[in-house]
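Could you build all of it, start to finish, from the sequences and the hints given here?
There are 2 protein chains.
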Amino acid sequence: MASSTITIPANGAATLPTPGQVVFVGAGPGDVELLTLKALRALQNADVVIHDRLVGADVLALANPSAQLINVGKQGFGPSTDQEHINALIVRHARASLRVARIKGGDCALFARLDEEIDALDAADLPYTIIPGITAASSAVASIGQALTKRGRNASVRLLTGHDTKGFADQDWQALARPGEVAAIYMGLKAARFIQGRMIMHGANPDTPVTIVENASRPDERVIVTSLANLPDALQTLTSGAPALTLFGLAPRDTAISRHTTQSPLLSQELA
Amino acid sequence: MASSTITIPANGAATLPTPGQVVFVGAGPGDVELLTLKALRALQNADVVIHDRLVGADVLALANPSAQLINVGKQGFGPSTDQEHINALIVRHARASLRVARIKGGDCALFARLDEEIDALDAADLPYTIIPGITAASSAVASIGQALTKRGRNASVRLLTGHDTKGFADQDWQALARPGEVAAIYMGLKAARFIQGRMIMHGANPDTPVTIVENASRPDERVIVTSLANLPDALQTLTSGAPALTLFGLAPRDTAISRHTTQSPLLSQELA
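Those protein sequences? They're chains A and B, same order as listed. Position one of the first sequence corresponds to residue 1 (the working numbering), numbered consecutively onward. Position one of the second sequence corresponds to residue 1 (the working numbering), numbered consecutively onward.
I should point out that these hints are in silico values taken from the structure, not numbers from a laboratory.
If you want a taste of the chain B side facing chain A, the calculated C-beta under 7 Å gives, among others:
1) L114
2) L148
3) T149
From the derived model, a few chain B residues whose C-beta atoms are all more than 10 Å from chain A:
4) G56
5) L69
6) N87
7) L89
8) V91
9) R193
10) P209
11) D220
12) D233
Partial list, computed: chain B residues near chain A (C-beta under 10 Å):
13) L37
14) A142
15) A155
The structure presented is a predicted model; accordingly, all values stated were derived computationally and were not measured. All C-beta atoms, glycine included, are put in the ideal place defined by N, C-alpha and C.
Have a look at this one:
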């Protein structure tokens, strides 16, 4: 079988976790091949890998075999207790002079509560570094053959969340209701009826295309094509618990290959 | 020297360019280690690599040694002539049953004129697939220890361009002028004074932090920290011709490691 072997010299030392340092790693949307080379190296050089629920087993399998894996994605306590628990866990392992990789689904910079974890490290006077990852919006539009921006249509795109600490997030729905606007809505499903109501109240065209991409880039990716008017019906067809990204203002291209991988390829690793 | 070797089985066939098919590849912001594994595989399996000016020599060095490299980033004709020339070039090579990788800096989905190139392929009835990449905004915030969104501060972020086909892009400056807003402005330098004027006209605080990241993730990355009021002075210090991303509403964390790589590591490759 044809396979490619890549040798990565370890001369980018500053990118590797060092004892007592935390590397925040964006794992990308799910497909193990959407990991960056830098993320892979961090995983291979960590003593402890602290990961969310959405980081897949195939990604975690790339960690150093001797690394301790800690899943902090279990739901149990309330959200804020959980976050404080996670912060304390990261600090404790870094204080013990371990090389800590804190890996999150997607990109660390988007809806990932990165600031709260860095605040905890700052308070403990511990160093950190950040490796960016592919965010779900980039992966979801790639699957439907679209771009997030387009000359003559939209010179800006909004990435927003459907809910925040106070419940449904307060967004500038009026601005989004204008023709040609495009937004990628993270964690938008619970808020979908609320968002639909706000948009239509502000004069959005009910025929505005809406595409929901479930499990973007994963083997079980599913694309649901609907419109603002029909959004509530589409919600009935979703898979419970699956991560989903809502693309407001975009429909798939007719010619799009709806999934750009047929199977999430396995990566086998060896350390030379 | 410690180095890691990764063997990637070639069982993700759908992700590889096939004869007559075009794979659009996001190269990320510059650091070769911010390539995804999928992008690397596409480069290694292409007959022709059509690339922009901002895709670095170290990234292109990872292409199949027998691949033809075509630089379409040269400036010469007007922008629209250039784009038509690029479209025709892509179509011609795909029609010749070659495996074509069309590689762009950053993410294909953002300010990359992807739609125009796909339209040309659609018109020629040629298949394509898209591999997302790390966009400059994700890399720039990582360098300054910040996230693009934060609970209690901003539940949305705008990615926008400073100019479009008609000149300075018409954006919702009024909405951006509100406290707590965050935006990543691509190609914003020429429009910086225009943007500053619009923002202040709409009541933005002149002390709003503005951070410009030049050559994000590259060895020559430079972070310029300023404010909305002082933006014109900061512009005087920029490197001519360097790609720059403007982060509106964000200043670097005091504790941020301003560059998360000290040197862009080389990748050597061998095919097994």
